[in-house]
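A.B. asks: Each chain is listed here by its residues.
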Amino acid sequence: TQLLEQSPQFLSIQEGENLTVYCNSSSVFSSLQWYRQEPGEGPVLLVTVVTGGEVKKLKRLTFQFGDARKDSSLHITAAQPGDTGLYLCSSARQLTFGSGTQLTVLP
Amino acid sequence: DAGVIQSPRHEVTEMGQEVTLRCKPISGHNSLFWYRQTMMRGLELLIYFNNNVPIDDSGMPEDRFSAKMPNASFSTLKIQPSEPRDSAVYFCASSFGGLNTEAFFGQGTRLTVV
Chain A
1 TQLLEQSPQF LSIQEGENLT VYCNSSSVFS SLQWYRQEPG EGPVLLVTVV TGGEVKKLKR
61 LTFQFGDARK DSSLHITAAQ PGDTGLYLCS SARQLTFGSG TQLTVLP
Chain B
1 DAGVIQSPRH EVTEMGQEVT LRCKPISGHN SLFWYRQTMM RGLELLIYFN NNVPIDDSGM
61 PEDRFSAKMP NASFSTLKIQ PSEPRDSAVY FCASSFGGLN TEAFFGQGTR LTVV
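Protein chains in written order, with the numbering used here: chain A, 1 to 107; chain B, 1 to 114.
These aren't lab readings, by the way, just hints derived from the structure by calculation. Some clues are possibly wrong.
[To be verified] Facing chain A, according to a computed beta carbon distance under 8 angstroms, are these residues of chain B, among others:
(1) Phe33
(2) Gly42
(3) Leu43
(4) Leu45
(5) Pro54
(6) Phe105
This structure is a prediction, so every number in the text was calculated from the model and none was measured. The beta carbon of each residue, even a glycine, is placed where N, CA and C say it ideally should be.
Isolated chain A, as found in the complex (with noise of 0.2 angstroms):
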């Protein structure tokens, strides 16, 4: 079973600032996925990566696949209170999921 690692772990910060949230593997993925949870709602995908080096931009939200293909990091500009919820990334393909990043944008 691969394990992905998220960090951090909590993440706390203003509105308007930029963070940058990671997920890792020691081993390859085929693909990566990341979704974003609210309290009370199941996950929902923002964006799945499959080639080693690949950037994909949602908006505010930038995606970067690793050129080993091990990592993946999501970084987002200019936060806003709707950013909050918990970010997790997924190995789409053993449906693995890591712990998580739970991040509050406070207004």
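Given chain A, work out where chain B should sit, using these hints.
C.D. replies: Same frame as chain A, but now just chain B:
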């Protein structure tokens, strides 16, 4: 489409009782997943069905847990007998195409065993 529908949303039961969680996947999806989420262990895959057939049940914790998918539009997860350590949020998700595709999650069932 209404999305993945789970019932009940909340369940409180006494230790030793049988608990049945229900899931209706999105119409047309051929894969269904059951997950358990706790603070300590995060989101764990319990079992994965493809075309109503269980493909991987290695995540099912023990014999007290069982899952069925009698048809493409319905699945159940049963715990018998339940124990306090089973308290968690249980999610059902479905997808079209199985692994490496987008999984759509239900809102979950919050189970509390006292």
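A.B. asks: Would the hint on B/Pro54 be counted as holding, given a Cβ-Cβ threshold of 8 angstroms to chain A?
C.D. replies: 14 angstroms, violated
A.B. asks: Should the interface hint for B/Gly42 be scored as holding, given a Cβ-Cβ cut-off of 8 angstroms against chain A?
C.D. replies: 4 angstroms, holds
A.B. asks: With a cut-off of 8 angstroms, does the beta carbon of B/Leu45 approach a beta carbon of chain A closely enough for the hint to hold?
C.D. replies: At 5 angstroms from the nearest chain A Cβ, B/Leu45 passes the 8 angstroms test, so the hint holds.
A.B. asks: Let's test the interface hint: is any C-beta of chain A closer than 8 angstroms to that of B/Phe105?
C.D. replies: With a minimum Cβ separation of about 3 angstroms from chain A (threshold 8 angstroms), the hint on B/Phe105 holds.
A.B. asks: Against chain A, is B/Leu43 within 8 angstroms by beta-carbon distance?
C.D. replies: At about 4 angstroms, which falls below the 8 angstroms cut-off, the nearest Cβ of chain A leaves the hint on B/Leu43 intact, so it holds.
A.B. asks: Double-check B/Phe33 for me: the hint is only fine if its C-beta lies closer than 8 angstroms to a C-beta in chain A.
C.D. replies: 7 angstroms, holds
Of the numbered hints listed earlier, the single one contradicted by the structure is hint 5.
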